[in-house]
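My request is simple: use the sequences and hints to build the entire structure.
Residue numbers (my numbering), protein chains in the order written: chain A, 1 to 354; chain B, 1 to 354; chain C, 1 to 105; chain D, 1 to 105; chain E, 1 to 394; chain F, 1 to 394.
All the given hints hold, so there is nothing to weed out.
For lysine-lysine, the following DSSO-like pairs were computed, each having C-alpha atoms within a straight-line distance of at most 27 Å:
1) E:K332 / C:K78
2) A:K189 / F:K371
3) C:K75 / E:K332
4) F:K288 / B:K35
5) A:K40 / E:K288
6) E:K366 / F:K310
7) A:K200 / E:K347
8) A:K353 / F:K258
9) A:K5 / E:K332
10) E:K29 / E:K111
11) F:K347 / D:K68
12) F:K347 / B:K223
13) A:K29 / E:K296
14) F:K347 / E:K310
15) F:K238 / B:K29
16) E:K323 / A:K29
17) A:K223 / C:K68
18) B:K5 / F:K332
19) F:K288 / B:K23
20) A:K108 / E:K35
21) A:K23 / E:K296
22) B:K29 / F:K296
23) D:K78 / F:K347
24) A:K74 / E:K22
25) C:K78 / E:K337
26) B:K35 / F:K238
27) B:K303 / B:K353
28) A:K189 / A:K223
29) F:K288 / A:K353
30) A:K5 / C:K75
Hints in this document: simulated from the structure, not taken from any laboratory.
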Amino acid sequence: MAIAKTDIGPPDFRQMLPPVITKNYGSWKYHENLKPGVLKHVAESGDAIYTVRVAGSRLVSIDFIRDIADIADKYCGGHLRFTSRHNIEFLVSDAAMVEPLIDELKQKGYLIGGTNNAISNVVHTQGWVHCHSAATDASGIVKSVMDELVPYFTSESLPAKLRISLACCLNMCGAVHCSDLAIVGIHRKPPKVDHERLGKMCEIPTVIASCPTAAIRPNPKEKSVTINEDRCMYCGNCFSVCPALPIADALNDGVAIFVGGKVSNARTAPMFSRLAIPYLPNTPPRWPEVVSAVKNIVEVYAKNAHKGERMGEWIERISWERFFELTGIPFTDKHIDDFTHATTTFRTTPTFKW
Amino acid sequence: MAIAKTDIGPPDFRQMLPPVITKNYGSWKYHENLKPGVLKHVAESGDAIYTVRVAGSRLVSIDFIRDIADIADKYCGGHLRFTSRHNIEFLVSDAAMVEPLIDELKQKGYLIGGTNNAISNVVHTQGWVHCHSAATDASGIVKSVMDELVPYFTSESLPAKLRISLACCLNMCGAVHCSDLAIVGIHRKPPKVDHERLGKMCEIPTVIASCPTAAIRPNPKEKSVTINEDRCMYCGNCFSVCPALPIADALNDGVAIFVGGKVSNARTAPMFSRLAIPYLPNTPPRWPEVVSAVKNIVEVYAKNAHKGERMGEWIERISWERFFELTGIPFTDKHIDDFTHATTTFRTTPTFKW
Amino acid sequence: MALRDFGGQELEIDEDGFIQDPGQWNQTVATVLAQDEEVPELTDEHWKVVNMIREYYLKFGIAPMVRKVCKDTGKDLKQIYALFPSGPAKGACKIAGLPKPTGCV
Amino acid sequence: MALRDFGGQELEIDEDGFIQDPGQWNQTVATVLAQDEEVPELTDEHWKVVNMIREYYLKFGIAPMVRKVCKDTGKDLKQIYALFPSGPAKGACKIAGLPKPTGCV
Amino acid sequence: MEESKTPLLDQLESGPWPSFVKEMKRAAKKSPMAKDALGQLELSYTEKRVHWKHGGIVGVRGYGGGVIGRYSDAPEQFPEVRDFHTMRVNQPSGWFYNTASLRTLCDIWEKYGSGLTNFHGSTGDVILLGTVTPNLQPAFDALSEAGFDLGGSGSALRTPSACVGPARCEYACIDTLDICNDFTQTFQNELHRPMWPYKFKIKVSGCPNDCVASIARSDMPIIGTWRDTLRIDQAEVKHYANSDLNIRGAVVAKCPTKALSYDATKMELSVQPEECIRCMHCINMMPKAIRPGVEKGATILIGGKAPIVKGAYLSWVLIPFIKMEPPYQELKDLLAKMWDWWDENGKTRERIGELIDRLGMGAFLKAVELKPVSQMVFRPRSNPYYFWSPDEIN
Amino acid sequence: MEESKTPLLDQLESGPWPSFVKEMKRAAKKSPMAKDALGQLELSYTEKRVHWKHGGIVGVRGYGGGVIGRYSDAPEQFPEVRDFHTMRVNQPSGWFYNTASLRTLCDIWEKYGSGLTNFHGSTGDVILLGTVTPNLQPAFDALSEAGFDLGGSGSALRTPSACVGPARCEYACIDTLDICNDFTQTFQNELHRPMWPYKFKIKVSGCPNDCVASIARSDMPIIGTWRDTLRIDQAEVKHYANSDLNIRGAVVAKCPTKALSYDATKMELSVQPEECIRCMHCINMMPKAIRPGVEKGATILIGGKAPIVKGAYLSWVLIPFIKMEPPYQELKDLLAKMWDWWDENGKTRERIGELIDRLGMGAFLKAVELKPVSQMVFRPRSNPYYFWSPDEIN
Ligand code: SRM
Ligand code: SRM
Ligand code: SRM
Ligand code: SRM
Ligand code: SF4
Ligand code: SF4
Ligand code: SF4
Ligand code: SF4
Ligand code: SF4
Ligand code: SF4
Ligand code: SF4
Ligand code: SF4
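Structure representation (structure tokens):
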């Protein structure tokens, strides 16, 4: 049997570029932010390209892709791109096309925005739509949260960029660990061991090694493993390597919120997001608790941060103790780290705020 | 047999205070730094006490103590104290006695100073004088270093306080781990296992548990232990718990230098000292390599730091990469942490200085 | 869980066709599974790989890492794919009767 | 290393009088060592402590922690010092023939 | 009127943000798979739990990855999603498309799959969401016929991605798109045939703004930067001075190293070159007046990853500065050495960063033959626990 | 002329810094022990290695500690230091002495010891350096007759120490000397009879300047502070303004939280009370104009220690603010709970900080019945790995 055509790799991006980009590739001089969602990049040659950025829901049908292709054909000579946060960018070479494009997009209900000091699209993951590992849904929460935060997408009114991400389990496929605001699906009960299946379906040494807290011991009698429930913090990694350790639990699964991460190097080095709210329940379809918690944090930030300050920069300036006070979020034992580098987060000075 | 008089505790300090202190206890209002080594504290009552601080070598004979007692009798109504850095403080209640005291001290060769932006006494430990664990001597290095740095003791010319400490082994009895400049005795070869004695003299489980890097395994055949030499970083802790693991090695023992620690909370939180020079040889009686290395660091600091900046504050401002450049100290694999929290010291940003 | 006939022996298999109890594996099972993985005939070269994987699993309780398979059988990855078009995990491990690889996909 | 006579048996002791080979300990040794530690007579109460320490050492290879000694013998620290004026480490452990406690002093 | 079968999800059709439920319904009109996917999602919304089974190992001929196997745990209720595998299609660098190629993808997925997609997955691939086992090979054949290939999955190189870079960004210090494309092409074998202890990700950002979050989301970030001094156009500074930008407060005062100074009377901005750490802040604030230097290249970092198992890492500086010119051989050689060391020493499911953490940065540097430099660390160690090799002692 | 027996050490007699060799020689004149100690030290200088044997366990009746046993490994050559034990004598709080008591100590040590001392040891004791086993008990008896007692050693409470505090420092927010003395007296049993997994140190500083380095050098630092607002005397501010102090540059600009503002025309300094973190900087710079608030107390921290075994720790905030009034019962009760938990759970040679690190701050707080507050941490955890207790879940 013939091996199919393999290893051709992706199409060369050069085939995909609009002519003005091909011409001015690597020779852009500056850009202007014409209005929310609309950028103008000017090349050394004097040429310009206009970008109109539109919110994507990421989980889309092929018909949606055809829709935007139609629009791109009409205004962009058939060229568009997606951003690293899953927005759609219409690339307009002809200045005269910009406003008509915007009009048509608006008329069709597309949201234009996400640039500069906005909340851009929420990087997120599969959730109940496709992943076996999900402790919560992804798309549903994103939709619910963003329905509420749309004004921050279509304007640039925040002190700085605010990047929200969501991951439906601790694997954190959204790499939410460095987001201004991160929503993470969590479990709260140890996996149940299905002794019967475990020995057959799973590699016991791998299962044991998978546990970050060494909570799993061999159980030779059952040809299985035993979980020390006191040491389990429900990361689900053992389940990742072994289907016989189901951890999902409708009554206890839910969502945690982390804040203050960033990845850019502007002013301050990248930072991890840190625990703000240890648990909120799963309340589909619209997760009102999550929505209002996120809104609260965003609004307190919007009101209090200095201009130009990212969430984490603001919190580090005012102090975390003040953050908890301003947001009214209770500080609990959960917030105090007890993982590997815990001691590096403990306060080693009698100086702090009340 | 009668049990002796026990558990009486130390003498009550109240018996030891000069009358002016007893009277103004807890009611001091402010102080002035009259000149290097001379302080004036003024009480709410208007009373004042003068302190004349004198360098102590710490390792002193009883005759020395009697000498200073004589001086205290003459000028201080029989009152004196020692500082937390082992200096001697003559406590003068009568303003008229200050200058005569200073004259007598100078005439007898005592060094007056150590206040304010000075190098004060070097906190140090036993060394070869009394401890079995020492990788270097303590008093000898201190004497050699301070002979060179005396001008910084008797003046207040540095950008800020500079606290030097010395510990003769990694047990760090001087608690040098938060000093502006720390001198630490180190070994560089794994202990030799004396199998014959080990099983009898030492608790094997304790020996195994003592090793920070888990380099020690049981060796049941020898009723002893085996050291994985690749994992040993010569901390000597196994020797602390087991005499049958001698680690001292005249050819390889020596001194390391750490910099940038502090414990006060002024401006910045306390900081650990960090590795500057991984190894300098033991060269008694005057350790010229250590002396000149210390002098170099002090002088580069004195020249470059802003006024009011402690060593660590200065380095954190200019960056460690710049510190190595300015001091000419080579950066090596030793400087890159590989202990427990190593990753927290790795640079997680492409921003740095050249 | 579906049942499948392996030359007379009825064994449980999962959706991907992996046998559910590695203890029930034998050469016939291997031969049958090989068909699914586009290996019409298990040659000596195939067996070398299958046996190595099987033995490693029985000894250590885990599937060998790919580098190990290559080293121990003296084959490079290309040759492994030539023998097992669906690759070492889906192809060779399945034929060797190991539990289904999990995790990182 | 000095030698010392323990009722006929010559044993090595160190400067502090600890016997060098815990394997050579016996009741006579204990009785002799007790003299040094100002325990003129080993009563049942003394033996309770000595035996507990000895057994713990033989079982775990380490001296029991003081809290453990107190718990298992039902005595508080004061009572231990009353029995062994030089304390559990220098007194009781020595009499029980353990290796000399090290480290933290 | 028929009662809705998805009353919960229906509530997510309203509201201004684009609705994935609408999209699923659109697909459901044409595809029974999509319909059952919607139905099963409603079940999850009702029961508050996932209804997919663990894992699944399916694929296409000659590849060890690129497909995520997925089976319903309620196949009786939703037979069309009994199998519902995902195909990861390697995106063109920078996520640039012409509409023709997009339409081709849609047509293929209309024929072989559910009609549901993610544009894009978190790693960067086009996610073709949901099809049955027998369709995998034909779908793949059609894709490769159309010039597309699968992306990475499993313990392999994952699909690299890159920011828009020189295609549309004046800040780009390296050709992110070419690098991404070139590395992807060079390492097709590593991408398609998992053979390592675990996954390995490469992401390329044109400058320290790091618009693909490479430092957090990839094992080896390549981040554009410069070696010399940033360039200031004083004429443009004056324009900014006359605008409503507060140069002193918003730019100079926020420079992390106080490298900038501003003369308000002359309206001149100056930089102390050796103090600038190339954070991008001033450039971001005054893109018309300030730009990177001319000696351009990249900082290479190593070790970034999500929390599982040892906790999340941000990547660590490995090469402070390297020129990035095709064919990027120096970096490719380094990659080979790194992979070799990792593959030789790593445990199953141990990312390279975790291995470096376990065996020590020193051991790693020695293995890949890089010299320790102070730029690799924020600060040196504070503990006194370091090693000497036999050749260093007496 | 006789040739010197200590040619190396002799070189340390010259130079301006006080010479310990001179001191040893002074003692050697009277004491053969001191003479042999000097001789053996010369041997160490020659051979570059220590000549003391490991450990030694000697003591006085009724105590488990207070004496450090020490034996020479060259007793034939230096018979007088065959035994050369150290006695640790508990200093009076704040190291205050009258000359009479100093002379008493000297006389006792002249009679029973080598005449060598350390004023003081690193923990704070008077170190009486070197005597023989038979002299220990008589020396102790003489000391206690004179009102002195031994300090701590071994797995016990170590001799507490305190900064000069209210005796001579206007910054003192607590009575460091009384606290030190009171705790020492209360815990005599814990100090003299080792019973814990390892040592435990208490140090008391009157304010956040921490002049006894308590945060680095003790398991439980007690650091004076205040709960309200610092007090500013504007008249004195004006004096400083007219001096050569640069109030804006040296004081205001260096306030870590930018809590201060200075009006140069009015020569007035003001503070935003809720922003001040009580770092002491401005007070240190302007002691006549600024002073701590009036609601005084202490911050209690926990866990500080030197590097062995798990690496050095700086202590961690445990109680952000507590009033410190005799008999300090609340804190003593807390100490009892902490020691109990540590003693119950600690391994041999595990400091309390290491145990907290191993079992988690949460477990510790629960055991000692303290509520978690945000002041305990610089920042919350970044990993998602936290525990739920059965009563918190369904
Ligand atoms: C299109 C996109 C790159 C791509 O290849 O897709 C992009 C494009 C630009 N980024 Fe970005 N960034 C893009 C994702 C990011 C990310 C990644 C992310 O969010 O996951 C980051 C890191 C965010 C973080 O730190 O967490 C990012 C951090 C920045 C920054 C740094 C901002 C800061 O102060 O921290 C700048 C500079 C600025 O905004 O002034 C920047 C600036 C820009 C500029 C102005 C660059 C230029 O001159 O063209 C572009 C327009 C920005 C705008 O939205 O106003 N871009 N940018 C990405 C758009 C995502 C979206 O749809 O919203
Ligand atoms: C006497 C002594 C306390 C005692 O009980 O013995 C003491 C006394 C004073 N200290 Fe201190 N400090 C003493 C050890 C310390 C220590 C501990 C140490 O060095 O091991 C520290 C922490 C050092 C560190 O951070 O590493 C210390 C950090 C301070 C500071 C903070 C300085 C800073 O900016 O970081 C001040 C404030 C200042 O100097 O402006 C201070 C201020 C003072 C004042 C001015 C307080 C006062 O108003 O009386 C006293 C005179 C200081 C001087 O020397 O100029 N004292 N001081 C100690 C003298 C030691 C010596 O002989 O040199
Ligand atoms: C599809 C995708 C999420 C999405 O909706 O976009 C995804 C989906 C899965 N990821 Fe992921 N990961 C995806 C990007 C990521 C990212 C983000 C990135 O690459 O920038 C991360 C964080 C970065 C990193 O790699 O550290 C990520 C970190 C993980 C992890 C944790 C790895 C770690 O070392 O911490 C796992 C767990 C595992 O490997 O078993 C994981 C595992 C998984 C699995 C395979 C579930 C599993 O345990 O087997 C998910 C399959 C879902 C499904 O059924 O469709 N996924 N995963 C992303 C890939 C799409 C694409 O190819 O474009
Ligand atoms: C005498 C003294 C040094 C000095 O010259 O001043 C000293 C001397 C010894 N210390 Fe210490 N330590 C002394 C203060 C300290 C300090 C400083 C402090 O208390 O402020 C520390 C660091 C703070 C701390 O406790 O963490 C200290 C941390 C150690 C350690 C490491 C403990 C750790 O947890 O990291 C050891 C090792 C051990 O306990 O086995 C140690 C062990 C020792 C031993 C007993 C050696 C041993 O391994 O058995 C030393 C006996 C020396 C001798 O023969 O005279 N000594 N030791 C200090 C006590 C004098 C006094 O009572 O005033
Ligand atoms: S975050 Fe977890 S649940 Fe969500 S897609 Fe990734 S692995 Fe699946
Ligand atoms: S869920 Fe995580 S912590 Fe719990 S047993 Fe499994 S791997 Fe360990
Ligand atoms: S630092 Fe080490 S060698 Fe020095 S006194 Fe302490 S334990 Fe002894
Ligand atoms: S010296 Fe330290 S690292 Fe080496 S074996 Fe002994 S305890 Fe372990
Ligand atoms: S990372 Fe830099 S070069 Fe790339 S898009 Fe962002 S700003 Fe432009
Ligand atoms: S790039 Fe950053 S560090 Fe450099 S001058 Fe601009 S703001 Fe300062
Ligand atoms: S710690 Fe504070 S109170 Fe104590 S002496 Fe130092 S400055 Fe004064
Ligand atoms: S004490 Fe410190 S934090 Fe408070 S106002 Fe003064 S300088 Fe600022």
